[in-house]
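Same order as they appear, the protein sequences are chains A and B. Take 12 as the starting number for the first sequence in the numbering used here and just add one per residue. Take 30 as the starting number for the second sequence in the numbering used here and just add one per residue.
Below, simulated DSSO-like cross-link-like pairs (lysine-lysine); rule was C-alpha separation at most 30 Å, straight line: (1) A/K252 x B/K164; (2) B/K31 x B/K41; (3) B/K164 x A/K204; (4) B/K179 x B/K142; (5) B/K164 x B/K142; (6) B/K41 x B/K77.
No wet-lab data here; the hints were simulated from the structure.
Spelled out from the first residue to the last, the chains are:
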Amino acid sequence: MAQNPPFRRVLIANRGEIAVRVARGLRELGIESVAVHSDVDARCAHVLQADHAVPLGGNTAAESYLDVGKILAAARRSGAEAIHPGYGFLSENSRFVRAVHDAGLVFIGPNATAMDRLGGKKAAREEAIAAGVPVIPGTEQDEGDAALVAAAQRIGLPVMVKASAGGGGRGMRLVEREQDLAEAVAAGRREAKASFGDDRMIVERAVFPARHVEIQLIGDRHGHVVSLHERECSVQRRHQKVLEEAPSAVVDEDLRRRMGECAVALARRVGYDNAGTAEFLLDDQGRFYFLEVNTRLQVEHPVTELVTGVDLVHLQVHVAAGGRLEDLLAGKDLRPRGHAIEARLCAESPENGYIPAAGLLRLVREPEGPGIRVDSGVYTGWEVPPFYDSMLAKLVVWAPDRATACARLSQALRDTVYLGIPTNVDFVRRIVDDTAFRSARLRTDMLQLRPELAAGPQEGPEDLALAAAVLCQAVAPRSGGGGGGNGAAARSGSTAVWNDLAGFRLFEGVR
Amino acid sequence: MKIRREYVRGGKPVAVTAELVDGDRWRVRVGEAAYEFTAQALGDGGIKLAPVGQEFERSFVAHGVAAGSDYMVRVNGRTHRLTAPAGRQASSGAADGTVRAPMTGTVLDVRCKPGDRVAADQTLVVVSAMKMEHKLVAGVAGVVQSVGAKAGGTVDQGAVLVVVEPEATAP
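Generate the whole structure from the sequences, applying the supplied hints.
As structure tokens, this is what we get:
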């Protein structure tokens, strides 16, 4: 891939870890990166990483990273030739894609038409059906009780009986036995009528228990689309992924090929021409059903990179500049090799209902070692702002096999230190050390079924922890780590009686 | 050279003392239990500590920082937030009727006003942070004394949002 850089300068319309990761990829290609930032993000890790930075002003996402006018003005001002959107924010906004194009710049992502055709869930479902991709079988409308029962029999039990006005689980029932069907429809109608004032029902095959398996795609502007195989992301809390891995322990070569072909067929149908992900549910019979397409780089893209050896950001840049996949991937063996697992490390407290936590990171130590990759957006002294996503970093490990990857991830989590605000590090480690995860018995509702994983140990701190706390205060050169100097350090520090440790430092000289 | 702290464990205060014996050896008491450790600063805010006396007992790296009036320590793969007895504060929905912001965020909705009679567990304020909504509920039944939150405003972690005067309970 070592050709002339496809662009001289690229603006990254994002923040935090993904903007750091994109900037790193751009630098490897010999491209200068331009960061944009809100007021509170003036010293965010992505601004430090980039070659140039343009302030957007404001603090909320709407005032900054979602403001199309400000982003385009920053691109013009900095002389950027292309814009990489990262994930979230404007990455799946086709109006933004068109505005970038109209400004004479290149959008590093799919074309706006393909994005529109796959953007909405309903539109994507129709495209999937037309492309011959299996969707969750079900009725599209209510034609009376008899028709619903007949549909359920045709689809095959178990089925989910749902209110078509839907939402919040009301009017929704899992039916496993034929004799329960009529009653479930009747009860569902009563509930739906009471909840939504609309008693129409639909019947869908219950994909349950299910795994979340998705296919990474990359397309170019010459009609080629390649599957980079699956990732499994079944460990989710409130529909947010917590752990992702590649390959999936339950996807064999045949299933991988069939899912890949479906995803590629769907992408080709709409002229898809950059990185994207087709998401599926996989049931315990090995049947898969299309969910949706994410028309962007995913948070969990590193696990695919580690097992296939491709750099997805490099590929995104090259195909956006008109590169051909047949050249870019020539001679590469893309079969998955070894096993990769990613953990999303977030500033939140799973022990307290996943409440997010903004505030000062007084001490950050991220793990290192063979097979360990940390895509981080924070550092000691960084104050996590309350305005954006709570993800601090992604810890990704690679090992020759899944068991070794699990052990490696567990140890890397043990070595991860984020102090100052609550994080989910211990929670993630509890999952990784659980026998269900170790034996790859994964399902999308596993965290709901096992609330003790979020709750954590109920006993108080062991003597070792209390001893360590006091000894840290006695001998550590400076309690409180960095103290970044963005105001909060002084603010929180003033209330900390423990900071008054100056006298103890003398003892370091005694030895 | 001696340092003494008190932390809450299992709802009760525990006294923890560390006394320098010599060199880098410390005698540590946690409540009634006595230990001896060597402890060395690592220069990154962490320490290396090893039990003395028992050969080949595992040693540990520990990191600690002050966080507000609490102390956070990470050792042996677990993070603990230790609270001093004096520093015990009412969290949101505490039984004393003070509802505090659990995190820095934006107030989406205020569902009470001074003088309102509210039930325990009734939602009083909805706060949003990091794309997630949180309902803050009354910890006790009673009458709203004051409301310090305004819809659309931002609040700092720990800010008092609502004060509820608990209803006199029958003896």
